[in-house]
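> Assemble the complex: chain A is given as a structure, and chain B with the ligands must be docked to it using the hints.
Next come the chains, spelled out residue by residue.
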Amino acid sequence: MSETKIPVTVLTGFLGAGKTTLLNHILSAGHGRKYAVLVNEFGELGVDGDLVVDADEEVFETNNGCICCTVRGDLIRILGSLLRRRNKFDGIIVETTGLADPAPVAQTFFVDDNLREKARLDAVVTVVDAFNVSRTLDESHEAVSQIAFADVIVLNKTDLLDEAALEAVEARLRGINASVKIHRACHGKIALENVLDRGGFDLARALETMPDFLENNEHTHEEGVTSMSFSVSEPLDEQRFQAWIGALLQERGADILRAKGILHFAGQKERFAFQAVHMMADGDYIGPARAEEGQESRIVFIGRDLNRPQLRRGFESCRA
Amino acid sequence: MSAVAGEMTELLATRGAEKVFGSAVTAASCARDGQTFALGTVDGDIVLVPVAGLKHPETWTRVEAHDGAVLCLAPDTGKEGFLTGGEDNRLCRIGPDGTVTELHKGRRWVECVASTPGHIAFSAGKQLEIRDSSGETTLKTLEHPSTVTGIVFDTKGKRVAASHYNGVSVWFVQARVDTVRPLEWKGSHTAIAIHPGGEAIVTAMQENDLHGWRLSDGHNMRMSGYPRRVSSLSFTRNGRWLATSGADAIVLWPFFGGGPMGKPPTELARLPGVFCSAVCAHPKSDIIAAGFEDGSVLLAETGSERVLPICLGKRGRVSTLCFSPFGGMMVFGTEDGCVAAIDLSASD
Ligand SMILES: [Zn+2]
Ligand SMILES: [Zn+2]
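The listed protein sequences derive, respectively, from chains A and B.
So this note's numbering is basically just the index in the first sequence, starting at one, shifted up by 797.
So this note's numbering is basically just the index in the second sequence, starting at one, shifted up by 31.
Since the hints were derived computationally from the structure, they do not count as laboratory data.
Fair warning: there could be bad hints in the mix.
[Said to hold, decoys possible] Here are a few chain A residues that face chain B, going by a calculated C-beta distance under 10 Å:
hint: 1; residue: I803
hint: 2; residue: D847
hint: 3; residue: A852
hint: 4; residue: N860
hint: 5; residue: N861
hint: 6; residue: I873
hint: 7; residue: R874
hint: 8; residue: R881
hint: 9; residue: D959
hint: 10; residue: A961
hint: 11; residue: E964
hint: 12; residue: E1048
Quick caveat, the model's predicted, so the values are computed rather than measured.
C-beta: ideal position from N, C-alpha, C; glycine also.
So here's chain A without its partners, still in its complex pose (with noise of 0.2 Å):
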């Protein structure tokens, strides 16, 4: 992962969750990092030293003919236009309305040539009102595409429960999405080092500390999203994993969210961090595992209706 790429935090979360105070609460924090940020409506943002650009999402599909194959536009032309400028931002951050599906911000940064090369997707950041999100995600089919999405979850307005009732409501988030980090707050008061330039999803923590006791728990709520991880201890057949994945992806990726993961592969000293959005999918060397590591390769999905013995089958069909 190139450190020369400029990271792009999205954020997401709905209507009233709390996403105005965060971002505000970021670009005030003096940090003395300069964002550009782009809002989709004007608010009471605008910082000294940081640029707003108010931007209408506009998702359109790329012309596979496949309707979870969709990009947004928009970011390609705005982000395409800053990033000529050179040094001038330490970061950007994608704010999306309350209602967007994080899916297309994502893709945007696997379809176009000039984001990929000068930008990396650090996190989508999803914003959570503690109080009202099981009341949400009863009703939303968003609201879980925003948790399955997720990288880091601020689960704000944790002052109006008590305990026992935020254990429900993570258990709740992690029942969706097993490998998300999730951190508390009041107020969007949150350290920014939990939100921003997270370095390339932290994938390879989050899986580790990835709960496996969540994964025999199937549940067929929140419309059948749900997280599945896998792993296996020895290396991996590049190209048959390549083939395998790459034949999942075309066929079941509509229902596939994201999938994720930290791989071996045989004769490679680094590991591979790979990571997807529905059909579209990435990957870059990582460096070498720690000793401690080992030669374990995980991967995880999120997605709706998963298959855990198919998807355990073909992850093991790839060892070496």
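Leaving out everything else, chain B with the ligands in the frame of chain A:
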């Protein structure tokens, strides 16, 4: 002057001049009287190159026109000066002396501008605004389904076409009641060109191909096979060829003999592995100017395949090229912030 040390053999060194301004160049244009070139940068500056001082960069001036990048640039409606749009949501008029006059300020970036002697068209978000030649009076505001990504007038200035998601909208400039002629094709259209004889409109698309419509009957034309996204397209003066970037050569599509449908494109001036990043057809002869991502610039003749190198590499990706109205002079700019001008008519 802080000229780049080029090879002595380069034509640019003997017939032109260059200067590094440091900010990536985004657009170039020549005034209608052919006396001044302008180039815009990502930092909002306009560099004015007077033709009289073409070989003397100390006479080139830099004007602060926008806060944020210059996104678009066109000759003004009159003989002199320019129109510029920027990331500061403004449309400005730049005089040949560097005077900046604000013509519009709104809530969206001014991403496209085009002009004829009689009209100005510019876009901000989904709106395309037509003004009279003074730039002071708005004649009409035309709404589009998504953000406008390119604007062209036809040769006579009677129609204006705007590219956006899922196609192009064609409007009559003088119509009392505005009815759009929609040219539809699913996907994101990112740049536009019109055949000089009004036979076709072509757009560049997000997915490494072109789409065209024959204007007589709306027939669709697909032009694909590019390894990269096409960012620059230009019809030759008589409309026989459409030149484009997007490959490691100039790609030329034939618009004669039934083409481009079913005809393979011709390639000129291949630089293996080095991608062409900007093209501009000569206004009077069958010549294409092409810039490459390594900073090389050359002229190529469409008939003979003869190539005349202007300069070789070392200047950063060429982002824009522009001829004077009669084609005797040319400027180009690069993403490394190099501005160069050359006199092609000089006989030393
Ligand atoms: Zn798809
Ligand atoms: Zn449940």
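> Next, verify each hint and record whether it holds.
The hints, checked one at a time:
Because the smallest distance between the Cβ of I803(A) and any Cβ of chain B comes to about 15 Å, over 10 Å, the interface hint for this residue is violated. Taking 10 Å as the C-beta contact cut-off toward chain B, the hint placing D847(A) at the interface is violated, the least distance being around 13 Å. The beta carbon of A852(A) is positioned within 10 Å of a beta carbon in chain B (closest approach about 9 Å), and the interface hint is therefore held. The criterion of a C-beta within 10 Å of any C-beta in chain B is met by N860(A), whose closest approach is roughly 5 Å, and the hint holds.
With its C-beta approaching chain B no nearer than about 9 Å, N861(A) sits inside the 10 Å limit, and its interface hint holds. Below 10 Å, beta-carbon pairs count as interface contacts, and I873(A) has one with chain B at about 7 Å; its hint therefore holds. Annotation: R874(A) was flagged as interfacial toward chain B, and the flag holds, the nearest CB pair being 7 Å apart, inside 10 Å. The interface hint given for R881(A) is met, as the beta carbon of that residue sits about 5 Å from the closest beta carbon of chain B, less than 10 Å.
The restraint placing D959(A) at the interface with chain B is violated, with a minimum CB-CB distance near 45 Å, outside the 10 Å limit. The restraint placing A961(A) at the interface with chain B is violated, with a minimum CB-CB distance near 47 Å, outside the 10 Å limit. With a least beta-carbon distance of about 45 Å to chain B, the hint placing E964(A) at the interface is violated under the 10 Å criterion. Interface hint at E1048(A): violated, since its Cβ lies 22 Å from the closest Cβ of chain B, which is beyond the 10 Å cut-off.
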